[in-house]
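Sequence order for the protein chains is U and E.
Residue numbering for the first sequence follows the numbering used here, starting at 77 and increasing by one per position.
Residue numbering for the second sequence follows the numbering used here, starting at 77 and increasing by one per position.
Honestly, the hints are just simulated from the structure, not real lab data.
There's no promise every hint is true.
[What the hints assert, rightly or not] Calculated cross-link-like contacts (lysine-lysine; reagent style DSS-like; alpha-carbon spacing at most 27 Å):
#1 U:434 <-> E:598
#2 E:301 <-> U:346
#3 U:400 <-> E:301
#4 U:410 <-> U:400
#5 E:206 <-> U:206
#6 E:343 <-> E:410
#7 U:101 <-> U:434
#8 E:101 <-> U:206
#9 E:598 <-> E:346
#10 E:301 <-> U:598
#11 E:101 <-> E:602
#12 U:433 <-> U:206
#13 U:602 <-> U:410
#14 E:400 <-> U:301
#15 U:434 <-> U:400
#16 E:400 <-> E:598
#17 E:346 <-> E:602
#18 U:206 <-> U:101
#19 U:410 <-> E:343
#20 E:410 <-> U:301
#21 E:301 <-> U:206
#22 E:400 <-> E:410
#23 U:301 <-> E:101
#24 E:206 <-> U:101
#25 E:598 <-> U:410
#26 E:434 <-> U:301
#27 U:602 <-> U:400
#28 U:400 <-> U:433
Number of protein chains: 2
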Amino acid sequence: LRRAAGAVCAAGRELWTFSRNDPRKPVYAAKVATALALITLLVFLREPSDIVSHSVWAILTVVVVFEFSIGATLSKGLNRGLGTLTAGGLALAVAESARHMGDQDIVFLIITTFAVGFATTLIKVHPQMKLYEYGLRVFLLTFCYVTVSGYNTGEFVGGTAVSRFLLIVIGGAVSLAVNIGIYPIWAGEDLHHLVARNFARVAESLEGCVDGYLTCMEYQRVPSKILTYQASDDPLYSGYRAAVEAQTQEETLLGFAIWEPPHGPYKMMKYPWQSYTKVGGALRHCSFAVMALHGCILSEIQSAPENRQVFSAELHRVGDEAAKVLRELGHRVKTMTRLSSPNILSEVLHAAEELQKKIDQRSYLLVNTDRWGEDTAASTTTCSRHEAGAGASRDNEAPPPPSEHAVIINIPPMHDSESNTSLARIASVNVPPLHKSESLARFDSAASWAAMSLADGLALKPQGSWHHRMPPFHPGQPLEAAESRTYESASALSLGTFASLLIEFVARLGNLVNAVEELSDKAGFKDPVEQPSVL
Amino acid sequence: LRRAAGAVCAAGRELWTFSRNDPRKPVYAAKVATALALITLLVFLREPSDIVSHSVWAILTVVVVFEFSIGATLSKGLNRGLGTLTAGGLALAVAESARHMGDQDIVFLIITTFAVGFATTLIKVHPQMKLYEYGLRVFLLTFCYVTVSGYNTGEFVGGTAVSRFLLIVIGGAVSLAVNIGIYPIWAGEDLHHLVARNFARVAESLEGCVDGYLTCMEYQRVPSKILTYQASDDPLYSGYRAAVEAQTQEETLLGFAIWEPPHGPYKMMKYPWQSYTKVGGALRHCSFAVMALHGCILSEIQSAPENRQVFSAELHRVGDEAAKVLRELGHRVKTMTRLSSPNILSEVLHAAEELQKKIDQRSYLLVNTDRWGEDTAASTTTCSRHEAGAGASRDNEAPPPPSEHAVIINIPPMHDSESNTSLARIASVNVPPLHKSESLARFDSAASWAAMSLADGLALKPQGSWHHRMPPFHPGQPLEAAESRTYESASALSLGTFASLLIEFVARLGNLVNAVEELSDKAGFKDPVEQPSVL
């Protein structure tokens with residue numbers, strides 16, 4: 077008994093915190109209770125037994141029709157009313173025909189019931205009829221009820237149908253009056269806020285992914301909830317997942333919002349709710365790019381921290397600017413203001429271009445160059461490999477001892493006329509010794525990177541399924557040089573993948589901006605008056 | 077009138093094709109109709125007016141409870157029965173108390189109704205209560221009804237509740253008997269087939285993406301349905317989207333399947349339906365990787381066809397092997413057989429390794445090497461750029477005129493002791509003139525690629541929003557050299573991105589295999605007897 081009391085207390089506390097977190101839920105509950113109390117009062121006040129014996133229909137209507145949002149209530153109420161009306165009419169006609177049939181009336185009624193039941197159910201399960209499912213259910217219910225009771229009680233038929241319909245109308249009217257009169261909850265408003273809110277959540281995820289990537293965040297063990305795409309508390313993951321998962325909710329809310337009359341800031345007939353879901357869809361398309369970025373963090377093949385640092389400023393800037401654009405768009409959608417200028421993307425595009433240029437200049441960091449010459453000059457490769465090993469034993473932070481640098485340029489095949497200049501050009505590429513410019517530091521970092529990623533290759537996370545299953549790999553045993561080189565190159569490329577996915581995200585922003593602009597046009601967003609406040 | 081007749085005809089044809097496509101739907105409709113006809117017959121046969129006046133409850137129960145799958149029918153029926161029973165008990169107690177209250181009974185009843193309505197609705201909207209939502213609705217409905225009619229009719233209370241409950245039991249029993257007796261449709265079976273079928277759909281999408289990428293498939297204009305993640309007929313897109321979208325359906329079916337008794341091949345108490353949704357989730361995680369691959373095809377930045385050809389065999393093999401693994405896993409899940417050996421992944425991992433090695437050897441195709449030396453030796457870059465332009469004017473197919481080749485190796489900084497050997501090494505890298513080996517052809521293709529991608533950069537799809545919005549870009553005008561170089565490098569990198577996303581997909585397959593193995597263990601899949609038939 078004490079345990080039961082404890083469970084009840086726990087449930088009560090849970091309900092209390094639940095109500096505190098979303099005050100609209102207890103308000104809704106109070107509204108339903110008020111409508112029920114009103115109906116009960118009505119039943120008690122009016123004493124005709126005809127009404128009382130059918131009072132169940134008013135109560136049933138309130139319980140069934142009173143939904144969370146006004147759109148849902150309206151849609152269910154209309155479905156219910158229409159279903160009852162048409163079914164009542166049809167059933168009366170059927171009952172009337174049956175009365176003139178003599179002995180075979182029961183057979184006729186049963187066959188009719190079967191036929192109507194079959195047709196209604198078949199229509200109900202058709203995907204296009206989803207909006208009217210409830211109406212069809214009510215139609216079938218009413219038809220059967222009126223047929224049966226009409227047959228049994230003879231004359232009462234008309235009276236039953238009318239008083240029943242009257243009580244349904246009363247129940248629906250009370251529901252609607254209470255629902256709109258007290259603290260109205262509009263599905264359209266919910267849809268609007270849902271779409272607007274997800275912008276900020278995707279922006280958080282994006283920033284988190286870029287930051288996490290640059291700080292070399294790693295999952296000791298990727299949560300199995302992420303691997304099976306279930307809800308998880310991971311902040312990087314929950315942000316974009318919320319935007320992806322919002323789809324079902326957006327569609328449901330859209331189905332209700334189209335029933336709602338113009339209200340509040342949505343003062344237009346045929347308000348373009350559809351466009352909100354389109355914006356939600358475009359945001360979802362962007363979220364999938366963030367998901368791919370997160371995939372780079374989840375992946376077992378990781379690039380070396382040194383390399384990431386080289387691109388850190390540019391990646392950061394693209395991530396920040398893209399998040400800023402997302403937040404700005406979300407703010408515009410939320411406050412229903414137009415974009416102040418068409419150049420909302422100019423900053424982020426510039427940042428992406430800078431990143432692209434940096435990649436262009438430093439793309440040697442994105443590939444493993446060790447084996448390039450292998451087919452043509454195996455000896456050189458062995459040499460450079462040996463040096464990479466030597467580099468590993470050196471302190472990475474200390475400046476390298478002065479040395480002669482051979483700079484690496486891809487020189488395509490030349491025409492005969494130019495062949496005699498090629499040696500001279502190679503000579504000109506050699507940086508004079510002791511010249512400690514920025515370019516020298518760059519090559520040093522390249523060398524230390526080669527060494528690091530080799531070590532990285534040896535220490536690749538042993539718990540990963542990838543390595544476990546790779547036939548020649550054994551976690552405890554040192555890898556062979558060829559395999560470790562392959563992983564070096566994979567890990568180097570992973571940085572390039574991250575960067576190009578980030579650029580792809582920026583490209584998708586354009587599509588999102590288009591969707592928001594279409595929404596602004598169709599929904600008649602107001603022009604921004606004050607200085608646009610960048611969040 | 078004729079138009080109305082036409083519309084009815086069209087609707088009829090639509091229903092006919094709909095029924096032909098999924099015969100289970102008309103069967104379900106026929107079952108509902110049969111149950112309704114049975115109930116009507118029952119009502120007509122038994123003549124006591126007490127039963128007849130309450131016969132609505134039996135009909136209502138059939139209409140409301142008879143769902144498509146047996147699990148859903150059971151779950152709704154139990155909810156309905158329990159809700160009615162508890163609410164009836166509570167309402168009788170309340171009505172009894174009210175009768176001893178004298179004048180204030182109406183006030184007491186209304187306050188009780190309000191309190192019960194509030195509490196029930198609040199519990200109903202709690203997310204954890206979703207399974208019992210219908211039961212709570214019925215509870216509230218019954219409570220109000222019995223309270224009101226109990227107050228009004230005095231003694232009838234007990235009789236009403238009992239006969240109502242009896243009729244609900246009859247309605248539920250008829251529904252369940254018809255539903256199980258005639259062509260049963262199990263939610264668990266649906267869940268099983270849904271999960272198994274999606275494997276093949278993802279495999280198709282994957283093959284389509286790899287093939288499309290290698291044949292340089294391009295969207296003239298990306299369908300806006302894809303950009304807003306709506307349903308579309310695109311075969312590449314619909315495959316992985318089906319797996320992603322299946323989530324809601326899987327969860328719904330899981331909610332019904334757990335109510336179903338052991339049946340058919342699922343002959344275990346507490347059958348692990350949860351594991352099926354986990355497999356579905358792991359497949360979804362893989363689908364997101366396919367989605368990222370498709371993103372590479374949708375992207376405006378595309379790598380040159382020549383480059384893709386270089387990796388064609390390897391990419392193809394990885395795609396084929398991965399699709400084979402997916403189909404094999406789907407077949408295993410469908411036929412409920414264990415994996416015959418733990419090495420199902422060995423082929424695809426080997427293929428991925430080969431791809432990785434190829435990338436390692438040819439990674440110069442993935443980056444734009446033109447600007448590597450720019451900081452240190454600008455003059456050389458100009459030179460090589462000039463040559464790329466010259467290469468472009470040459471016929472790409474014809475063998476190049478014999479020339480001296482400077483091969484490109486990344487030589488990290490060296491120690492002093494080695495500095496004197498560097499010039500000699502550079503000399504050794506030069507391929508002797510007139511030596512038409514495979515390596516020569518390789519460099520030729522590299523050169524022609526550089527020329528091609530330059531042309532590509534100039535002819536980048538003008539309708540894309542990316543380029544429209546890029547400030548210094550004007551579709552009609554030739555790009556400046558720096559920008560076109562940046563796009564060359566981006567387009568070169570995009571091939572690397574595709575390859576590494578494909579490898580990431582292979583890595584995620586491991587997770588999927590784990591999920592399938594977990595399912596085989598928990599659900600006691602049978603061991604394969606015959607030679608495993610690879611589909």
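Hints, verified against the model:
1. U:434 <-> E:598: violated (52 Å)
2. E:301 <-> U:346: holds (22 Å)
3. U:400 <-> E:301: Within the cut-off at roughly 26 Å; holds.
4. U:410 <-> U:400: holds (15 Å)
5. E:206 <-> U:206: holds (20 Å)
6. E:343 <-> E:410: Holds. Residue 343 of chain E to residue 410 of chain E sits at ~16 Å (cutoff 27 Å).
7. U:101 <-> U:434: This hinted pair is violated, its Cα atoms lying about 52 Å apart.
8. E:101 <-> U:206: At roughly 14 Å apart (the allowed maximum being 27 Å), residue 206 of chain U and residue 101 of chain E satisfy the hint.
9. E:598 <-> E:346: Distance ~10 Å between residue 598 of chain E and residue 346 of chain E Cα, so the pair holds.
10. E:301 <-> U:598: holds (19 Å)
11. E:101 <-> E:602: Violated, because 32 Å separates the two Cα atoms, which is more than 27 Å.
12. U:433 <-> U:206: violated (52 Å)
13. U:602 <-> U:410: holds (12 Å)
14. E:400 <-> U:301: holds (26 Å)
15. U:434 <-> U:400: holds (22 Å)
16. E:400 <-> E:598: holds (25 Å)
17. E:346 <-> E:602: With a Cα-Cα distance of about 18 Å, the restraint between residue 346 of chain E and residue 602 of chain E holds, given a limit of 27 Å.
18. U:206 <-> U:101: Given pair residue 206 of chain U, residue 101 of chain U holds - Cα atoms ~26 Å apart, limit 27 Å.
19. U:410 <-> E:343: violated (53 Å)
20. E:410 <-> U:301: It holds: about 24 Å lies between the C-alpha atoms, which stays within 27 Å.
21. E:301 <-> U:206: Holds: residue 301 of chain E and residue 206 of chain U sit about 21 Å apart, inside 27 Å.
22. E:400 <-> E:410: holds (15 Å)
23. U:301 <-> E:101: Violated, because 35 Å separates the two Cα atoms, which is more than 27 Å.
24. E:206 <-> U:101: Distance ~14 Å between residue 206 of chain E and residue 101 of chain U Cα, so the pair holds.
25. E:598 <-> U:410: Judged against 27 Å, a Cα distance of about 48 Å means the pair is violated.
26. E:434 <-> U:301: The hint is violated at about 34 Å.
27. U:602 <-> U:400: holds (21 Å)
28. U:400 <-> U:433: Satisfied, since the Cα-Cα distance of roughly 22 Å is no more than 27 Å.
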